[in-house]
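Asker: The primary structure of each chain is shown beneath.
4 protein chains.
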Amino acid sequence: MPPFATTRRVEFGDTDMAGIMHFANFFRFMEVAETDFLHALGLSVSRRAEGWGFPRVSAACDYRRPARFEDVLTVAVAVERVGAKSVSYRFDFTNQRGEEVAVGRVTTVFCRDAGPGRIESAEIPADIRAKLGG
Amino acid sequence: MPPFATTRRVEFGDTDMAGIMHFANFFRFMEVAETDFLHALGLSVSRRAEGWGFPRVSAACDYRRPARFEDVLTVAVAVERVGAKSVSYRFDFTNQRGEEVAVGRVTTVFCRDAGPGRIESAEIPADIRAKLGG
Amino acid sequence: MPPFATTRRVEFGDTDMAGIMHFANFFRFMEVAETDFLHALGLSVSRRAEGWGFPRVSAACDYRRPARFEDVLTVAVAVERVGAKSVSYRFDFTNQRGEEVAVGRVTTVFCRDAGPGRIESAEIPADIRAKLGG
Amino acid sequence: MPPFATTRRVEFGDTDMAGIMHFANFFRFMEVAETDFLHALGLSVSRRAEGWGFPRVSAACDYRRPARFEDVLTVAVAVERVGAKSVSYRFDFTNQRGEEVAVGRVTTVFCRDAGPGRIESAEIPADIRAKLGG
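Protein chains in written order, with our numbering: chain A, 415 to 548; chain B, 415 to 548; chain C, 415 to 548; chain D, 415 to 548.
The following block holds chain A by itself, in its conformation from the complex (with noise of 0.2 Å):
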């Protein structure tokens, strides 16, 4: 699979008063990095319509360099891992001056719609497996 990578802007409400992006936010701008990543394989993160998804079991971050207002982020995503029903990805951060700011992963886990309510995970399709380089 070639090398993806999306970029993304700090905005004033993502920094909190330390004058940085707030650690938090780095875990949304990953999510964000994955649907553009999904978008570009013809996929999703959520297709409700056809009732299933891909909800996160675990998320880390490793934080290198402070982010802040204005900086624009690129964030490079790679497939670590497809499982039998999970799929691991990894998220380098880099600022514009090409500079690492910081480190994430996610791991989510292929779910299907189970009831109003419920989900619960399943196999990887074959269709989308394939997408992901699994």
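Note that these hints are calculated values from the structure, not bench results.
Hints may be right or wrong, so weigh each one.
Any copy will do: because identical chains look the same in the list, a pair fits if it lies in one copy or spans two.
Taking lysine to any residue pairs in the SDA-like style, the calculated list, with each CA pair at most 20 Å apart, reads [what the hints assert, rightly or not]:
{"id": "1", "residue 1": "K499", "residue 2": "R478"}
{"id": "2", "residue 1": "K545", "residue 2": "R532"}
{"id": "3", "residue 1": "K499", "residue 2": "D476"}
{"id": "4", "residue 1": "K499", "residue 2": "R479"}
{"id": "5", "residue 1": "K499", "residue 2": "C525"}
{"id": "6", "residue 1": "K499", "residue 2": "P480"}
{"id": "7", "residue 1": "K499", "residue 2": "A419"}
{"id": "8", "residue 1": "K545", "residue 2": "G467"}
{"id": "9", "residue 1": "K545", "residue 2": "T508"}
{"id": "10", "residue 1": "K545", "residue 2": "P469"}
{"id": "11", "residue 1": "K499", "residue 2": "R543"}
{"id": "12", "residue 1": "K499", "residue 2": "L546"}
{"id": "13", "residue 1": "K545", "residue 2": "A498"}
{"id": "14", "residue 1": "K499", "residue 2": "S472"}
{"id": "15", "residue 1": "K545", "residue 2": "P480"}
{"id": "16", "residue 1": "K499", "residue 2": "P539"}
Since the structure of chain A is already known, use the hints to place chains B, C and D on it.
Answerer: For chains B, C and D alone, kept in the frame of chain A given last:
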């Protein structure tokens, strides 16, 4: 109806790089105060199981004084108007020194589920109206 | 001043359990549109290094139609008024089908740093005023 | 050190279109729990006036069970390690039925102001270290 007020602390993540609570977060505080208010009446902003909710049709806030990290804001909730289908609230924010911080207004409309992903406005049921003082 | 518009996609994390963009996030979208608008004029919502910014004194939004995950909203920005110290904006939100989604209004006040953690309102400098069409 | 726990309700605005608390908001809940914990010790996550704070260098969360609107989560806070300059926390989330919801970990580094907009890591002062049980 007796006056109602609730409190909520300004968290680190509620602030922005100006060192004060981000302006959009006042609307989140209004929503929490509305939830507290409705709970006190034995109601909720959303009863998904019963197929109804109170989505917003307008929201506004006037900012008088900054709210800072670790400030404990008192949010007084008043029902300004109960219409056939709508409820309008006023929220008065004061800080722990009794200073006026902000005044917000939100109008919500009673809606019922009308098929998958669809809702439609409806008359507020008499029991809910009575609790709201309408 | 020529009309200005920017676009922003509704992300998964922008939605709430009603399946639509949370009402407070429209204010974050307004802030992003304001930043884009000011950038297009060679300005910013905050020039910390130069000791000035544009904090908000009021914000309002009328919601006409839900915005959903993966909708791409166009936000048209118009300067409604430039006062001695304040700027009032109007934001018109439309979706990718050209439907009106929301109308927002924000008034900001030009402020200068006035010591540690303090700011005070000031007259908008002539060069900034000229760019804003005031 | 005696065990410490705090509670926080899942608000409407904390949820996403999957009907559950958005995964990034668990990190905001961890921050609130850390603030409560430090307050209980007579400390804070940030003492801007005294020129120090505890920015994060890593954060992680394992999600075991969804948290839903109006759930009241108990967040137990444990200091897992106090290093020369860092503090590592573990956060155990349970819901009002006593079910495990998530487990989070955050490592923060003690930093002092080092000029405008700059901070640098430093050894944790003895009095703060003693309170943290290090």
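Asker: In ascending order, which of the hints set out earlier in this document are inconsistent with the structure?
Answerer: As far as the earlier hints go, 2, 7, 9 and 15 are violated by this structure, in ascending order.
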